[in-house]
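As they're listed, the protein sequences go chains X and C.
Reading the first sequence from the start, the letters are residues 1472 to 1740 in this note's numbering.
Reading the second sequence from the start, the letters are residues 7 to 141 in this note's numbering.
Please keep in mind that the hints were generated in silico from the structure rather than gathered at the bench.
A virtual CB, placed ideally from N, CA and C, is assigned to each residue, including glycine.
Accuracy of the hints is not assured; some may be wrong.
Unchecked claim - Examples of chain C residues toward chain X, derived with CB under 10 Å:
(1) 24
(2) 36
(3) 37
(4) 41
(5) 48
(6) 114
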Amino acid sequence: MKAMQARVRKLLEENKIDGFIGLKMEHGHPAPFMFSRENLGEMETLVVGDVRYPLNKALLKVSGQYPDLTFGVMVRGCDERGITELLKWNQLHRDRVIPVGVACSSELAQLCECYKPYPSDWVVGEKTEGIAKSKRLQKIEGMNQKERLSYWLNQFNKCIKCYGCRDVCPMCFCEVCSLEDRNFILTGKLPPENPTFHLSRAVHMVGRCIDCGLCEEACPSNIPVRTLYKKINEIVKEYFDYRTGESSEGKSPLNLLGEVTLELSDVNK
Amino acid sequence: MEYKTVLTTCGYCGCGCGLYLEVLDGQLVGAQPCKTDSVSQGGLCIKGWNVHEFVQNSERLTKPLIKKDGQFKEATWDEALDTVASRLKKIKEENGPDRIAFLTSAKCTNEENYLLQKLARAVVGTNNVDHCARL
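Same shape as in the complex, but just chain X (with noise of 0.2 Å):
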């Protein structure tokens, strides 16, 4: 925590940032903040714990704000894939960001079955071997196609359609949202139209999911979108060889054009 704070200062001293966007200890709870050189006599309040909020969001918020300064923001290993991304889908600028990196707790890790729980750089915590395959999917593949169908069918009948997943997303950033179309999603019916609603949101985190897992933390119905984001990651990585936020190099798989052919192998398992 210390270490983290003297960096922060040091960074807005030496005016490499003119803010730095993290979470603020204040009436006993961590809270988004953005330290300035306005207000470094709260720099002893700045907290790094595991409780996570979507930083990169906030990033954006104020960097749409403030095109031509410089921002700080703490990642983690998932939110540095996002700034990764947020970079690819011009979002954000490379020269406007600077990243703190926090490496996760194992039990951190464990909860979010996390394939790299850690960023390229940290100056908190000490780096945990992620994990390669999540328990959770394997648990729901090791279903039959008619299980795997009722069990999904089920928990999306549980939505209340109250768009936390959306909303908490720090990589849903698009202006006009499929899921709020009037033609598509009617208004005033709950639960939404079941499946098409979540499977739409699932098709659209291609390329984008970069597994935090604040949707999951979001959701009042606690549906387990999470794992079926994890599951779309997969089948990004089987099919279009990409791993979301792992590179800065190569295309997001949406973005490709041209043909391309697709062997499904386990449609019927």
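The hints should help you fit chain C onto chain X, whose structure is shown.
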């Protein structure tokens, strides 16, 4: 340049979910659930997620309106309260207190709701008290 979040409680219903209002340079730019809130535990419904929208909405009413000659006209609070009080009094005298009903709100505190039912029962003399959550 300032970006901060303000911890507050959702005013839309009686659940009292904890949320943060995001403030950028004095303007509300978003709301998000407080993940460490003991009541809502990081979840919100669609109303909570959009709670910031009405505050700065240009269509928000900021002054009382009184309908005169079929048209709503801006009025002072004194005028508005006098109109309501005299009309309620007239209805009570002419038709009895049970021709009046009170509708309270989840956006008020327990104490405010208590005061309203007290006004209904003790001042007007009716038990016709209901709540917006039934709608």
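- Item | Residue hint residue 36 of chain C, partner chain X, criterion CB-CB below 10 Å | Cβ of residue 36 of chain C sits 7 Å from chain X, so the hint holds.
- Item | Restraint check, 10 Å cut-off on beta carbons, for residue 37 of chain C near chain X | At about 9 Å, which falls below the 10 Å cut-off, the nearest Cβ of chain X leaves the hint on residue 37 of chain C intact, so it holds.
- Message: Restraint: residue 24 of chain C near chain X, CB-CB cut 10 Å. Satisfied or not?
- Response: holds (8 Å)
- Task: Double-check residue 48 of chain C for me: the hint is only fine if its C-beta lies closer than 10 Å to a C-beta in chain X.
- Result: Constraint on residue 48 of chain C satisfied, holds at 6 Å.
- Query: Hint check: is the beta carbon of residue 41 of chain C less than 10 Å from a beta carbon of chain X?
  - Reply: With a closest approach of 5 Å, the residue 41 of chain C hint holds.
- Does the interface hint hold: is residue 114 of chain C within less than 10 Å of chain X, judged Cβ to Cβ? violated (23 Å)
The structure fails hint 6 only (numbered hints given earlier).
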